[in-house]
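Chain by chain, the residues:
2 protein chains.
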Amino acid sequence: MILKAPFSGKFILLFTLVLVFITITVARANNGHELWLSKASPTSVEIVCKRKSPILSNAIKELQDGWQGKKGAKLVLAVTDDKTLKGDGFRLEKEGIYSRTEAGILYGAFELLRRQSLNLSDNRFVSNPSYELRVLNHWDNLNGSIERGYAGRSIFWRGEKDLNVSSKDLELWQQYARANASIGINGSVLNNVNSSPRMLAPENLKRVKAIADALRPYGVRTYLSVNFSSPAALGGLKTSDPLDQEVIKWWKNKASEIYKLVPDFGGFLVKANSEGQPGPQDFGRTHAEGANMLADILKPFNGIVMWRAFVYSSTDKDRARQAYSEFKPLDGQFRDNVIIQVKNGPIDFQPREPFSPLFGALKKTSVMPEFQVTQEYLGHSNHLVFLSTMWEECLKSDTYQEGKGSTVARCTDGSIFNQKHTAVAGVANIGLDSNWTGHHFAQANWYAFGRLAWDNTLGSEKIANEWIRLTFKPAKSAVNWENGFIEPIRKMMLESREAAVNYSMPLGLHHIFSANHHYGPGPWWAPANVRVDWTPPYYHQAESNGIGFDRTKSGSNSVGQYAEPLASQLNDIKSCPEIYLLWFHHVPWDYKMKSGRTLWDELCNKYDIGVNQVREFQKVWDKAEQFVDTERFAHVQSRLKVQTRDAQVWKDGCLLYFQQFSKRRIPYELERPVYELDFLKSVNPMQLTGKPSGEEWMK
Amino acid sequence: MILKAPFSGKFILLFTLVLVFITITVARANNGHELWLSKASPTSVEIVCKRKSPILSNAIKELQDGWQGKKGAKLVLAVTDDKTLKGDGFRLEKEGIYSRTEAGILYGAFELLRRQSLNLSDNRFVSNPSYELRVLNHWDNLNGSIERGYAGRSIFWRGEKDLNVSSKDLELWQQYARANASIGINGSVLNNVNSSPRMLAPENLKRVKAIADALRPYGVRTYLSVNFSSPAALGGLKTSDPLDQEVIKWWKNKASEIYKLVPDFGGFLVKANSEGQPGPQDFGRTHAEGANMLADILKPFNGIVMWRAFVYSSTDKDRARQAYSEFKPLDGQFRDNVIIQVKNGPIDFQPREPFSPLFGALKKTSVMPEFQVTQEYLGHSNHLVFLSTMWEECLKSDTYQEGKGSTVARCTDGSIFNQKHTAVAGVANIGLDSNWTGHHFAQANWYAFGRLAWDNTLGSEKIANEWIRLTFKPAKSAVNWENGFIEPIRKMMLESREAAVNYSMPLGLHHIFSANHHYGPGPWWAPANVRVDWTPPYYHQAESNGIGFDRTKSGSNSVGQYAEPLASQLNDIKSCPEIYLLWFHHVPWDYKMKSGRTLWDELCNKYDIGVNQVREFQKVWDKAEQFVDTERFAHVQSRLKVQTRDAQVWKDGCLLYFQQFSKRRIPYELERPVYELDFLKSVNPMQLTGKPSGEEWMK
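Respectively, the protein sequence lines represent chains A and B. Each residue of the first sequence is one higher than the one before, starting from 1 at the first, in my numbering. Each residue of the second sequence is one higher than the one before, starting from 1 at the first, in my numbering.
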């Protein structure tokens with residue numbers, strides 16, 4: 001009879017075991033989609049909030065879903081007129097969260113929950129944002145690809161033939177907006193700065209409205225990159241001259257159309273007269289004339305224009321000088337709702353650059369820093385590089401433009417200059433990959449950008465600490481969590497950017513990539529048909545007598561664009577920080593460095609140190625195995641392998657190439673190259689060592 | 001007027017400078033073609049030699065061209081009946097060189113010149129060869145390819161459509177013979193043991209005669225590998241049954257034909273009933289019946305038969321047992337001009353094998369060791385591996401077959417058993433590459449084989465020392481030659497084979513190559529259509545409970561083929577040398593090794609040590625740059641890079657594969673893998689890391 005029973009005892013036991021096994025396995029797998037917002041079992045909390053709005057509803061939901069404080073506590077959420085608060089700032093009190101804006105209440109809610117998660121005890125304080133506008137720039141194309149995106153295709157676009165908004169879309173956009181809100185990001189530019197005129201076509205704007213509607217309940221405003229020649233290219237006008245009345249009318253109509261769909265539309269981001277993009281100069285007008293035309297049109301809607309200063313002609317002898325040369329003379333000519341968006345360094349998001357001399361130099365113009373969260377020049381989504389330290393380095397750099405203490409942070413956040421608007425932008429690293437950013441640790445860069453945009457005085461150690469604790473949760477059985485995991489992982493993150501500098505372009509070297517993929521080394525790369533300021537030899541200037549770009553007074557004098565005493569400090573090889581040495585100086589191979597080594601030996605050492613740092617990261621991560629779910633452990637482990645191989649390729653490629661000029665030996669105590677220079681010149685470094693995910697790989 | 005002069009002073013100066021430059025450059029280039037026989041400026045010597053012969057003429061020429069002794073010295077060369085001399089042995093006296101054979105005089109001349117080159121003072125002594133026949137086996141095919149050749153195509157063959165003998169051929173064969181004579185090699189088998197029946201076709205034999213004529217003046221006799229089915233396949237007979245009268249007649253006629261062309265023809269080498277080759281078993285006859293038939297025919301001509309014991313069927317449970325199983329029962333049945341040619345180990349030229357149990361076990365049969373000079377299983381011509389230590393290890397292994405001290409050397413050189421003929425064979429590593437052997441350091445293996453064939457008691461340190469000093473000559477400006485070059489290079493050579501074992505198959509692992517190229521790691525390699533004893537899992541037997549092939553008494557009992565007390569020593573895991581551990585034992589992963597580590601940790605350590613050893617070789621070589629011509633320096637430097645990358649691939653591939661079974665972590669103090677197992681499984685290791693030269697690469 002037992003055999004005839006539909007479920008025998010043995011079967012049930014087996015079934016139960018299988019279920020248990022699946023549960024355990026699933027529990028140990030984590031695709032990272034939850035980011036730093038992983039759920040905990042909440043205790044009960046009573047929320048009192050008189051006002052009703054989608055943003056406030058989200059604040060209430062977050063608190064109810066994530067409350068880790070006293071069980072049954074009562075919390076008031078209130079929009080107040082507290083003068084100690086600024087913009088979206090908030091005040092946390094034992095009994096409530098107060099802000100002048102609804103978004104501020106939401107940020108306060110996330111901050112409170114974060115502090116509960118981190119077991120921080122002091123939950124009474126005021127927090128005001130450093131910047132009014134904290135914006136992600138998505139370099140997403142309408143066809144769904146992402147320029148310099150390494151985490152899959154666009155979350156916003158998948159081609160103009162597929163503009164339907166699905167429930168999956170809405171779910172993802174809502175998750176995206178929530179993640180942004182959790183770190184204070186309040187703006188998203190939905191498309192590439194290399195913008196198609198088609199962006200402004202009605203059918204695409206319809207999708208923009210849908211996105212904006214999804215982001216709005218989390219306080220995230222929507223912006224668009226626009227192509228300056230849209231009036232002609234999309235509107236069919238004969239010109240796009242910004243002073244042409246028909247053109248102005250076209251833009252006015254377009255703005256009305258947009259604001260009808262998106263009443264809180266944030267404004268335009270413009271890449272004009274830069275790398276082939278159209279701009280006012282095509283019509284004999286200045287950047288100011290172009291930007292102001294758009295600004296005047298957006299003004300009645302409270303919209304702004306973010307106008308990029310990333311310009312350089314192919315003829316100038318020093319690309320590093322050009323943004324300053326073009327924009328400094330225009331200081332004071334821009335409307336107060338124009339913000340000049342300036343990349344952190346004078347060239348282009350290199351692993352290390354000195355700050356752009358425009359910071360602090362534009363005194364009568366709003367200026368916003370542009371950081372790159374996506375790792376275009378830092379190993380794509382293959383390399384573990386925590387960028388917070390790089391941004392912190394920039395923000396804390398002293399420009400001396402208004403005396404000592406005129407840091408980039410203070411020059412841009414309104415502390416020094418009376419900007420109507422303050423803002424900061426980050427080029428997003430987000431795509432359709434289930435973990436959003438390709439590399440799990442690249443999530444930390446999204447996180448860090450938001451945190452620094454909110455508070456530009458934060459230290460990277462604090463940010464790393466927060467991110468690790470929020471992102472990785474110890475298993476109940478974990479022992480030695482603090483010293484075995486948090487400590488070494490934080491140390492690795494904080495060291496990672498310097499490691500990348502060491503193995504790729506130490507001592508001020510920059511832009512020595514092979515080809516346009518910006519992945520592997522190519523100090524030799526200089527095809528005849530490529531403009532010279534896109535080729536590495538232009539930047540490293542290696543010769544038998546030395547290496548480095550002479551930007552001193554006797555060279556291109558880009559040092560002259562900095563304020564004193566910095567200009568003189570940089571100008572003098574003895575006082576120029578060695579991290580910027582080859583950026584500002586052409587230095588003899590046997591120049592004696594502070595270490596006592598020659599420049600050549602120092603260079604060799606830096607590359608070697610870089611390789612060994614990544615090897616050490618591998619050890620750190622492998623030791624962390626017991627603390628991490630198997631899925632993320634394996635993923636990061638695999639990418640660290642690629643990073644080590646890449647670091648070796650960088651070291652060998654650069655040292656063997658530069659050795660042709662230095663004619664010096666790699667110090668015998670260092671590990672020897674394992675590649676031939678000719679071999680490295682002949683292969684695509686992405687195929688040799690990497691398996692970059694996402695768009696770049698599919699192309 | 002000056003302008004009209006055909007050669008102005010400036011022009012002449014420039015021309016002279018260019019000439020000087022070319023001369024210096026050429027002087028520093030060395031393609032290695034001279035081997036260890038680089039020329040020196042001789043002083044004068046007067047040679048007295050009553051007899052005249054081509055061999056003696058060559059001896060005289062060598063002495064006159066290379067004399068570094070007292071200027072104007074007088075030297076007698078004399079063939080004597082000195083009873084203290086054996087075979088080609090010679091006696092060096094202050095006033096002359098004496099031998100019972102003309103070849104012995106030539107060997108004595110080379111020895112004397114070598115001692116002068118090495119600045120050795122004691123030049124009075126007797127030297128007798130350990131083996132009567134010191135033979136290179138060329139695995140050259142008639143089409144010019146070389147099986148397991150990595151130094152270009154055959155020096156003997158380039159296809160049956162091109163049998164013409166050119167003056168270049170003759171020059172090369174003469175250089176080859178001279179190099180052999182300089183180290184005592186006195187026989188060459190001109191073609192692959194996997195022999196085409198076409199080898200014995202008249203047109204090919206004509207070329208054999210030409211080769212034999214070129215080798216003879218240097219005392220090198222010519223042999224051929226023959227296909228056992230030649231009577232049918234070439235002669236058109238219905239059978240090749242060795243007891244068939246027509247077959248015997250065919251062989252008799254063929255022998256006569258050969259001896260007419262080559263009166264001192266050495267004999268046949270036969271690979272029979274092995275890896276698909278035909279043999280007497282195809283006709284129900286034993287190896288003895290097959291070999292004896294040929295031996296009887298060659299006997300009148302003083303020819304010999306070298307009959308290979310490299311046999312294994314696809315059905316036996318342990319390939320390592322099979323040669324012994326087949327040949328031991330035949331002991332005593334072979335003619336006295338048959339020599340059984342036994343590979344050093346029971347499997348197939350692995351980086352490390354215990355000696356073949358046939359050594360010493362065949363007590364009434366002539367046995368000759370077969371070593372592999374070409375690096376089929378040791379990195380081809382990409383890896384620097386000095387094989388002398390491997391052969392020394394084998395020769396000095398004690399078989400205990402006739403009590404303690406019954407070394408492989410003594411079991412094969414006539415010291416213990418009364419062999420009619422003694423012989424040793426080396427599978428050549430020679431091809432058309434300008435440096436003969438692909439890797440410059442592979443020349444040392446040719447050299448070492450010759451030296452050990454002459455004196456099987458020589459130590460590898462002495463051989464390495466000789467080779468380095470003869471092969472690399474210090475520039476006049478060189479300082480610290482002994483400690484800066486000789487010492488570290490010798491150390492590197494002596495360590496190199498153990499390094500190869502460490503990074504490829506330590507602790508007794510064997511035959512874990514991917515595919516038939518025998519280059520990179522493939523412990524996973526087991527295609528369904530390949531016989532299992534050609535696949536690595538057959539050999540490593542990795543499972544969750546441990547790893548290694550159980551050849552103990554409770555396993556395949558291959559230990560039982562060894563004499564006591566060795567058999568018991570190998571049988572006991574506690575007394576089995578750890579270098580052979582996984583050869584003889586299936587060992588639990590957590591077995592405690594002598595180091596105190598678990599087996600798994602020890603395995604990880606060995607691989608890691610191997611990688612670092614090669615890195616160290618790179619340093620040693622780079623430091624030697626000042627002492628070596630640029631051409632050989634760059635060549636070796638480049639191959640050491642490949643070797644380091646290969647070592648990494650080996651380490652990663654093997655550890656990541658075995659880790660699937662061990663389920664244990666690679667000790668955290670060790671450098672982490674940089675490859676993914678799946679990636680290594682998906683690529684051809686030769687394309688991944690290597691650029692092997694020669695035939696294998698062209699295929």
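There's no promise every hint is true.
Claimed, not checked - Have a look at the derived ranges for each label pair, beta carbon to beta carbon:
1. B:VAL479 - A:LYS553: 55 to 61 Å
2. B:ALA634 - A:GLU402: 56 to 62 Å
3. B:ALA29 - A:LYS553: 44 to 50 Å
4. B:VAL76 - A:LYS663: 30 to 36 Å
5. B:LYS574 - A:ALA40: 53 to 59 Å
6. B:LYS574 - A:ALA475: 54 to 60 Å
7. B:ALA634 - A:LYS473: 53 to 59 Å
8. A:VAL683 - B:ALA634: 56 to 62 Å
9. B:LYS592 - A:ASN123: 51 to 57 Å
10. A:LYS663 - B:SER166: 40 to 46 Å
Keep in mind the hints are simulated off the structure, nothing from the lab. Glycine included, every Cβ here is placed at the ideal spot set by N, Cα and C.
Checked hints:
In this structure the hint that VAL479 of chain B and LYS553 of chain A lie 55 to 61 Å apart at CB is violated, the actual value being about 46 Å. At about 58 Å, the CB distance of ALA634 of chain B to GLU402 of chain A agrees with the hint of 56 to 62 Å. The hint said 44 to 50 Å for the Cβ distance between ALA29 of chain B and LYS553 of chain A, and at roughly 47 Å that hint holds. Checked against the hint of 30 to 36 Å, the C-beta distance between VAL76 of chain B and LYS663 of chain A comes to roughly 55 Å, which is inconsistent with it.
As the Cβ distance of LYS574 of chain B to ALA40 of chain A is approximately 55 Å, the hint placing it in 53 to 59 Å holds. For LYS574 of chain B and ALA475 of chain A, the hinted distance range of 54 to 60 Å is not satisfied, since their beta carbons lie about 41 Å from each other. Roughly 54 Å separates the CB atoms of ALA634 of chain B and LYS473 of chain A, a value that falls within the hinted 53 to 59 Å. Taking 56 to 62 Å as the suggested C-beta distance range, the pair VAL683 of chain A and ALA634 of chain B does not conform, at roughly 20 Å.
Hint check: LYS592 of chain B to ASN123 of chain A, Cβ distance near 55 Å, so the stated range 51 to 57 Å holds. Checked against the hint of 40 to 46 Å, the pair LYS663 of chain A and SER166 of chain B passes, with Cβ atoms roughly 44 Å apart.
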